[in-house]
Amino acid sequence: MAGAEPEGMTVEVVKVLGYLFVFPGVVFLFAYATFAEWFDRKVYARLQNRIGPLHTGSGGILQPVADFIKLMSKEDIVPAQADKGLFNALPLFSLASALAAFIMIPVFRVSLPYTSFPGDLIVVVYLLSIPTIVYFLAGWSSTNYYAMVGAFRNLTQLFGYEVPLFLALLAPAMLAGSWANGTWLSANWQISEVGKFYMAHPYLIPVNIIGFVVALIALQAKLERVPFDAPEAETEIVAGALTEYSGKKLALFRLTVDIEMVTGSALIAAVFLGGFVLAPVHLGTIDLSSLFSLLLFVAKTLFVIALLSLGKALMGRLRIDQTVAFSWRWLAPAALLQILISIVLKGILKV
Amino acid sequence: MPGIRIPIGPQHPALKEPESFTFELDGEQVINAEVRMGYAHRGIEKGFEDRTFIQGIYLAERICGICSTSHTTPFVLNAEELLKLEVPRRAQYIRALTGELERVHSHLLWLGVAGHEVGFDSLFMYTWRDREHVQDMLEVISGNRVHYGINTIGGVRRDISTEQIGRLKEMNKLALARTEYYIRLCTAEPTFISRIKDVGRLSKQDALDLCAVGPMARASGVKRDVRKDDPYCCYDEMPFDVITADTCDILGRAVVRVFELIQCYKLIDFILANLPEGDIKIRAPRRIPPGEAINRYEAPRGENIHFMKSNGTDKPDRVKVRAPTYANIPATLVTLKNCFVADIPIIVAAIDPCFCCADRMIRLSDRKGRDDRWSWGQLQHYSREWLARNRRA
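These protein sequences, in sequence, are chains A and B.
In this text, residue positions in the first sequence follow this note's numbering: the first is 1, and each later residue adds one.
In this text, residue positions in the second sequence follow this note's numbering: the first is 352, and each later residue adds one.
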C-alpha cells in the first residue's frame, strides 16, 4: 500500500499536467484559438466580398500561426518612459488569466475536480475580465497618449458590458437550478451542470434567447470587436492601449484575444446552447461520447464565432459614449427581463 | 486629462497623406484644433514653368491621383481661352463624360473611406469593389484606369466608338443599381447614421464666410456648383440638379455625395445618348499668345481654380492651382471644434481631403515663427549628436 500511494500521486500529477498543458490546456487551446481566428477572418472576409487568408497552409489555415511566429521573432521595443516591470509582465498576466478561464470550460466529458466545481461560472466570468484590466494597465504604463486614451476607453467600456454579460449568464443557470433545503442551488452555478440541464431539457433552450443575444453582444464588446472597438479604433487612436507593444509581447496579447474569443464563445455555448457534455454513446464496446462532445464543442463554438463575425461585418463602430449608453439603456434591462422570465418560468415549471 | 495636446499626423493611420493636426483635449472632447500643412509639397507649380504646354497637361494630371481629369480640364481650358480656340462639341462632351465618371469613382472612394473611418469596413470593401467597375468604364474610354490622358489643347485625344457607347451604357446600369443599394445603406444603417448625424456641424453662414466649396458647402445648404454657375464643357446643355442638404453635418455631406452619384449616372446616360457628331479636336499652335486666364472646374471635391499666365513662348510663365481641399481647410477647423476625439477622423475625412493637391508652399519656422532653416552641415552635426545621446549601451 505504501508503494501504491506515490504511484497514484504520479498518475494524478501527470493527468493534471496533461490537462493543463496538452488537452484541453495550452497546446490544444493554442491550436484551436488560432483555428478560430482563421475561421473568424475567413467568415469576415467572405462577408466583405474578399477571399481572406489563402496561402499559408490549406486555405490559409496556418496564417494566424504564421502571424504569431512572425511577431515572436520581431524586434521588441520598450518605451524609454514606460514602467518597465509592469510593461513586460502584463502580457503574461493576460495570457495566464485567459488560459485559466478556458481550463474551467468542460470541453471533454471528463473534467478534473479542480476545474469543474460549484461556482465556476462566476470564476470564469471574472477571469475573463482580467485581460481588460490588463489592457488598461498596459495603456497606462506605456505613457503614450493614444495608449492612454485607449486605456480609459477600455475601462469605460468594461463598466458598460460587464454587468449585462454577468446578468445574462446568470439567467439560464437560475432556470437550471433547483430548490434544496430552502436554498436555491441554481445548478450550483456550475457550467457543466447548467449544460447538462439544457441537454436534458432541450425545449427550454429557446426560453433564454434574449439572454443569448445580450451575452453575444456583451462578448463582442468584451473582445473589442466592431461595433464596440472604440478602445482600439485604428483610425482614431492607432491601436489603443497596445500602441506601444511590439514583438513577443504583442504576440502574446493577440493570442490572449484569440483565447478570450474561444473561451467566451465556449462559455456562451455551454450555458445557452446546452453545453458539450453527452451521455455515454456506445458503438459496440467503445464509448464515443468523448469524441462526440469534442465535435459538439467545435460546432457550437464556431456557430457562436460565426455570429460574432457577422456582427463585426454588419456594423460600424460606435463612439464610447454611445457604447455605454447602449449597454445600460438596452442590454442591462434586457438581461434583467431574461432573469425575470427565468424566475417566473421556474415557478411555473418546477423542473 | 485636461489640456492634453495630441498630435494626429503627419503619420497617423487615419490620414492617408501627411498632414499635421494638433488637438487640445479635455478628456474625450476637443477644445481646439490647429493644422500645419506643407508636408507633401512637390513643386508642381514651379515644374509647369519648365515644361511646354503639352507636357504641362500630363503634369497637371498628376497633381491628384483621384481627380486627375479635374486638373487637366481647367488647364487646357485656360490654354484654349488664351488661344481663342473653339473646341468641337464632341470633344467637350467626351471631357464631360470623363469628368462625370471621375466624379463617380471619387464619390464611391469617399463613401468607402467614410465607412472605414467609422469602423464600417464592409462598406469600404463593397464601394471599392464597385469603384473598380467605374475605373473599368474609364479604361473603355481612355485605355487607362487612373490617369486617363484624354485631354489635349484643342480637344480630346481619343474618340468613342458606337460599340464603346453600348458597353458603357450596360456598365452604367450596373453601377447605378449598386449605388442605389448604397443609398439605402447609408440612409438606414443605424450605427453608421449614429456616427455621422449631428457630427461636424458647419452652419450655412460659416460655410459662406469660410468659402467652403463642393459637397461641404452644398451640405450646408449653399447651392454652389461651377457646372451650373459658370458652365464649361457644354454643361449648360445637360440636364442635372445641384444636390443640397440642410442638415449641415456629415450625414448631409454623405447624402449630397450619394445623390450626386445618381445625377452623374443620369448625365453619363445623357452624354452617351446625345454625343454630337464631328471632330474630336482642332489643331492648336505650340506657342500661346501672352495673356492671363482663369478657369474654374467643379471637381468631385469642389471648385478647382486654375490660373495661367503666358508670355508668348511655348512654356507658361506661371500656373497657379487652388485645389478644393485647400479651400475647405478653414471650414474643417471650425467643424473640429468641440467634437469628440472619436469623431476627428470622420470629420477630417468628410471634406474628402487630398492634402497633396493642396500643399503649395513650404516655410520652415519654429513655434515662435522664426526662420529656422538648417544647412546640410548643421543637419549632419545634429544627427551625430542625437546618435551619441541615444545610442544603446
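Quick caveat, the hints were computed from the structure, so don't treat them as lab data.
Mixed in with the good hints there might be a few duds.
[Unchecked claim] Computed from the model, here is a short list of chain B residues facing chain A with C-beta under 8 Å:
(1) ILE355
(2) PRO364
(3) GLU379
(4) HIS392
(5) GLY394
(6) GLY466
(7) VAL469
(8) SER473
(9) GLU540
(10) PHE543
(11) PRO696
C-beta: ideal position from N, C-alpha, C; glycine also.
Now for the hints, and whether the structure bears them out:
1. A hinted interface residue such as ILE355 of chain B counts as satisfied when its beta carbon comes closer than 8 Å to some beta carbon of chain A; here the least separation is about 6 Å, so the hint holds.
2. Against a cut-off of 8 Å between C-beta atoms, the interface hint on PRO364 of chain B holds, since the closest Cβ of chain A lies about 5 Å away.
3. Because the smallest distance between the Cβ of GLU379 of chain B and any Cβ of chain A comes to about 7 Å, under 8 Å, the interface hint for this residue holds.
4. Nearest Cβ of chain A to the Cβ of HIS392 of chain B: about 25 Å, over the 8 Å cut. The hint is violated.
5. Below 8 Å, beta-carbon pairs count as interface contacts, and GLY394 of chain B has none with chain A, the closest being about 30 Å; its hint is therefore violated.
6. With its C-beta approaching chain A no nearer than about 7 Å, GLY466 of chain B sits inside the 8 Å limit, and its interface hint holds.
7. For VAL469 of chain B, the interface hint holds, the least distance from its beta-carbon to any beta-carbon of chain A being 4 Å, beneath 8 Å.
8. Here the hint on SER473 of chain B is kept, as its CB sits about 5 Å from the closest CB of chain A, short of 8 Å.
9. The interface hint given for GLU540 of chain B is met, as the beta carbon of that residue sits about 7 Å from the closest beta carbon of chain A, less than 8 Å.
10. Here the hint on PHE543 of chain B is kept, as its CB sits about 5 Å from the closest CB of chain A, short of 8 Å.
11. Taking 8 Å as the C-beta cut-off, the interface hint given for PRO696 of chain B holds, the closest approach to chain A being about 4 Å.
Checked against the numbered hints given earlier, the structure breaks hints 4 and 5 and satisfies all the rest.
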